[in-house]
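Let's have the full structure, built from the sequences with the hints guiding it.
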Amino acid sequence: MQNKSIRFRARSFVAFALVPEAPLEQWLLDLDRWIENSPGFFKGRPVVLDLNTLKPQAGEISALVALIADRGIRTYAIEADHIDSLGNDLPPMLAGARKTMIEEEQVDAEALAQAEQQAKTAQSPSNTLIVDQPVRSGQSIVHPHGDVIVMGSASFGSEILAGGSIHVYGTLRGRAFAGAWGDRSARIFCRRNEAELLAVDGWYRTAEDMEPSMHGKAIQVHLEDNAIQVAPLN
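Everything in the sequence shown is counted per the working numbering, starting at 63 for the first residue and increasing by one.
FYI, nobody ran anything at the bench for these hints, they're computed from the structure.
A quick note: this is a predicted structure, and the numbers were derived from the prediction, not measured.
Glycine included, each C-beta is placed from N, C-alpha and C at the ideal position.
Hints are not guaranteed to be accurate.
Distance condition first, Cα-Cα at most 25 Å in a straight line; then the derived SDA-like pairs of lysine to any residue [stated by the list, open to error]: (1) LYS105 - LEU126; (2) LYS279 - TYR266; (3) LYS279 - ALA289.
Ranges of calculated distance between the beta carbons of each label pair, as one might list FRET restraints [said to hold, decoys possible]: (4) GLY121 - PRO85: 16 to 24 Å; (5) PRO196 - ASP94: 27 to 35 Å; (6) VAL81 - PRO154: 16 to 24 Å; (7) HIS277 - MET213: 49 to 57 Å; (8) ALA280 - ASP143: 39 to 47 Å; (9) VAL204 - TRP89: 22 to 30 Å; (10) SER247 - ARG107: 21 to 29 Å; (11) ALA280 - PRO153: 40 to 48 Å; (12) PRO196 - LEU86: 38 to 46 Å; (13) PRO108 - ASP194: 27 to 35 Å; (14) ASP143 - TRP96: 24 to 32 Å.
The structure is reproduced here in structure tokens:
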């Protein structure tokens with residue numbers, strides 16, 4: 063009997079990184095608040111648990127993963143540079159993160175300046191995703207490499223994730239994540255704000271956190287001193 067070969071295919075997925083911070087009790091309360099404001103947000107999503115800020119001991123990680131699982135969040139990988147290995151009962155260590163950090167430390171100033179210039183050049187109009195249809199409830203628009211422009215409106219329960227800025231020329235009713243891959247200069251613009259959640263580089267504001275005067279208005283959103291600022295669009 064002839065043996066059949068096994069095929070392996072490489073695929074990339076958008077994963078969200080949870081970064082616990084001390085005090086852990088307060089961080090968990092903040093996570094509960096996020097889940098309450100955006101129920102079902104983590105359902106079916108790959109989540110990386112980044113422990114490089116909290117730096118728990120290896121024996122404490124299992125309890126932390128369990129606490130997160132109790133909230134309906136399944137951790138598919140763990141990033142922890144201070145730990146060499148984990149037990150078989152835990153999700154696997156994220157491979158390659160340590161190597162990337164070392165390589166970045168070895169880049170000299172001239173090479174870094176060239177890389178920054180190339181990144182700016184790459185942000186050309188060809189990297190802008192134009193969505194000429196309304197974004198329906200339950201629909202996710204994911205564009206890691208530039209801005210997203212929505213010509214119409216975004217419904218409740220929809221999501222827009224952009225590596226750059228987000229422009230909605232209609233009403234923004236869903237959730238918008240600008241600079242989702244680490245661009246702190248990204249912004250969100252919309253003609254009418256009815257958003258459930260607005261985020262830039264992982265920092266967020268929910269509808270309950272926004273000034274009532276910003277509801278139903280044309281707004282712009284940006285990050286300032288690790289806080290989301292929502293202002294009228296003049």
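Verification of the hints:
Only pairs whose Cα atoms come within 25 Å are accepted, and LYS105 paired with LEU126 is accepted, the gap being roughly 19 Å. A threshold of 25 Å between alpha carbons decides the hint, and for LYS279 with TYR266 the separation of about 18 Å falls inside it, so the pair holds. Distance check on the hinted pair: LYS279 and ALA289 sit about 20 Å apart at the alpha-carbon level, within 25 Å; holds. A hinted range of 16 to 24 Å for the beta carbons of GLY121 and PRO85 is consistent with their spacing of about 19 Å.
Between PRO196 and ASP94 the Cβ separation comes to about 32 Å, which falls inside the hinted range of 27 to 35 Å. Range check, VAL81 to PRO154: Cβ separation about 18 Å, and the 16 to 24 Å hint holds. The beta-carbon spacing between HIS277 and MET213, approximately 22 Å, falls outside the hinted interval of 49 to 57 Å. As the Cβ distance of ALA280 to ASP143 is approximately 43 Å, the hint placing it in 39 to 47 Å holds.
Against the hinted window of 22 to 30 Å, the Cβ-Cβ separation of VAL204 and TRP89 comes to about 26 Å, which satisfies the hint. In this structure, SER247 and ARG107 meet the distance hint of 21 to 29 Å, their C-beta atoms being roughly 25 Å apart. The given range of 40 to 48 Å is respected by ALA280 and PRO153, whose C-beta atoms sit roughly 43 Å from each other. A hinted range of 38 to 46 Å for the beta carbons of PRO196 and LEU86 is consistent with their spacing of about 41 Å.
Between PRO108 and ASP194 the CB atoms are about 29 Å apart, so this pair conforms to the stated range of 27 to 35 Å. Separation of ASP143 from TRP96 is about 25 Å and conforms to the stated range, judged on CB atoms against 24 to 32 Å.
Consistency note: the structure conflicts with earlier hint 7 alone.
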